[in-house]
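*Asks:* Okay, here's what each chain looks like letter by letter:
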Amino acid sequence: MVNDLVLRVVGKLLIPFILLFALYVQFHGDFGPGGGFQAGVIFAAGIVFYALIFGLVNARKVVPDWFVESMLACGVLIYAGVGFAGIVLGGNYLDYFVLDSDPLHGQHRGIFWVEVGVAITVCGVMLKIFYMFASRGHADGPGGV
Amino acid sequence: MVALVIAMVFLRNLLSVVVLSGIYSFLMATVLVALDAVDVAMTEAAVGAGVSTVLLLGALHLCRTDEARPAHKPWLPLAVSVSTAALLIYGAMGLPEFSDTQSAIHHHVVPRYLQNEVDVPNVVTAVLASFRGYDTLGETTVVFTAGAGIIALLRRRQRNGTGDARGQ
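Chains as they are written, first to last, in my numbering: chain B, 159 to 303; chain E, 16 to 183.
Since the hints were made in silico from the structure, they are not lab data.
Owing to the predicted nature of the structure, the values given are computational and were not obtained by experimental measurement.
Check each hint, because a few of them may be wrong.
What the hints assert, rightly or not - These stretches of chain B come out as covered by chain E in the derived footprint (C-beta under 8 Å, 3 or more residues):
1. 162-176
2. 213-220
3. 226-237
4. 278-286
Claimed, not checked - Some residues of chain B that are not near chain E, with every Cβ distance over 12 Å (derived):
5. Leu181
6. Gly193
7. Val199
8. Val246
9. Ser259
In this text, a Cβ means the ideal position worked out from N, Cα and C, and glycines have one as well.
With the sequences and hints as input, model every part of the structure.
*Replies:* Below you can see the structure in the form of structure tokens.
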């Protein structure tokens with residue numbers, strides 16, 4: 159699929175918007191449908207799309223393996239870190255009310271960082287599974303079918 | 016959707032089964048939108064129709080695309096699934112009617128969720144991230160564990176491969 163002109167052009171056009179939509183779903187999750195899980199999956203889907211069109215080797219240059227693996231752990235650590243921040247600031251574990259002088263702001267801040275953690279972990283896991291399966295076949299992955 | 020499922024059961028070509036299951040996921044997403052569960056619909060469309068289709072195609076790339084003939088007649092699995100479905104349908108008959116505001120589930124913790132003391136307009140996000148933060152932390156850990164398990168399983172195989180190549 160690497161030499162398909164239509165796919166390359168459409169992919170180049172669409173991928174930025176897919177990634178932008180993922181960020182929108184992430185940061186607008188407080189107000190509309192969406193949240194960390196959906197955003198992570200959509201972001202991963204954008205990169206998988208890139209890997210299908212331009213080949214796995216190029217995708218690995220854009221999002222290298224070590225980065226994906228650290229995303230896996232960083233997300234959970236951010237989530238757990240928000241919980242510990244609650245303890246440090248004098249509340250219970252995962253208590254967001256104490257994260258800011260204004261309790262409602264604290265809630266927003268807590269939810270924001272928790273969603274960031276979820277999105278990073280989900281995106282990392284999806285990409286890692288895709289890389290793992292795709293790299294077991296030909297170097298080009300399932301895009302070479 | 017019923018026609019899709021029946022086609023998926025009887026088709027022997029796994030490639031068309033994967034594509035049909037992607038279509039099924041999209042139809043499921045529209046059903047979830049109709050039920051006002053937009054968050055779940057989004058997840059279903061992205062995971063069910065998008066990522067898992069790609070992963071299944073990747074798996075098909077590694078094996079044969081035609082399903083082997085089963086060695087045994089599938090009577091026992093068929094009986095188990097039919098009786099489970101019958102039990103579920105029997106249980107579903109006892110549920111309150113859809114969108115019944117008087118049912119018990121809407122009078123337990125839901126009023127407190129809807130008071131919106133965390134001031135987040137999307138109640139789903141508020142419940143997921145704030146009221147049930149522990150649950151979501153657990154879910155994130157489950158996702159992380161799945162990823163770590165995949166790494167542990169597949170990477171060991173890669174190392175064995177190189178080990179064999181070295182003649183160990």
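*Asks:* A cut-off of 12 Å on Cβ-Cβ distance, and Ser259 of chain B was said to be off the interface with chain E. Does that hold?
*Replies:* holds, 15 Å
*Asks:* Measuring Cβ to Cβ, find out whether Gly193 of chain B lies farther than 12 Å from everything in chain E.
*Replies:* Non-interface label fails for Gly193 of chain B: nearest chain E Cβ at 5 Å, not farther than 12 Å.
*Asks:* Are there three or more residues in the region 226-237 of chain B whose C-beta lies within less than 8 Å of some C-beta in chain E?
*Replies:* holds (count 6)
*Asks:* Going by Cβ atoms, does Val246 of chain B stay more than 12 Å from chain E at every point?
*Replies:* holds, 16 Å
*Asks:* Hey, does Val199 of chain B actually stay past 12 Å from chain E on C-beta?
*Replies:* violated, 4 Å
*Asks:* Mind checking, does the region 278-286 of chain B have 3 or more residues with a CB under 8 Å from chain E?
*Replies:* holds (count 6)
*Asks:* Okay, the region 213-220 of chain B and chain E, do three or more residues pass the C-beta test at under 8 Å?
*Replies:* Violated - the region 213-220 of chain B has 0 residues with a Cβ nearer than 8 Å to chain E, which falls short of three.
*Asks:* Do three or more residues from the region 162-176 of chain B put their C-beta atoms closer than 8 Å to C-beta atoms of chain E?
*Replies:* That given contact is violated, which follows from only 0 residues of the region 162-176 of chain B lying within Cβ reach (below 8 Å) of chain E.
*Asks:* Was Leu181 of chain B rightly flagged as not at the interface, with every chain E Cβ beyond 12 Å?
*Replies:* About 14 Å separates Leu181 of chain B from the closest Cβ of chain E, which puts it past 12 Å; holds.
In terms of the numbered hints stated before, the structure departs from hints 1, 2, 6 and 7, listed from lowest to highest.
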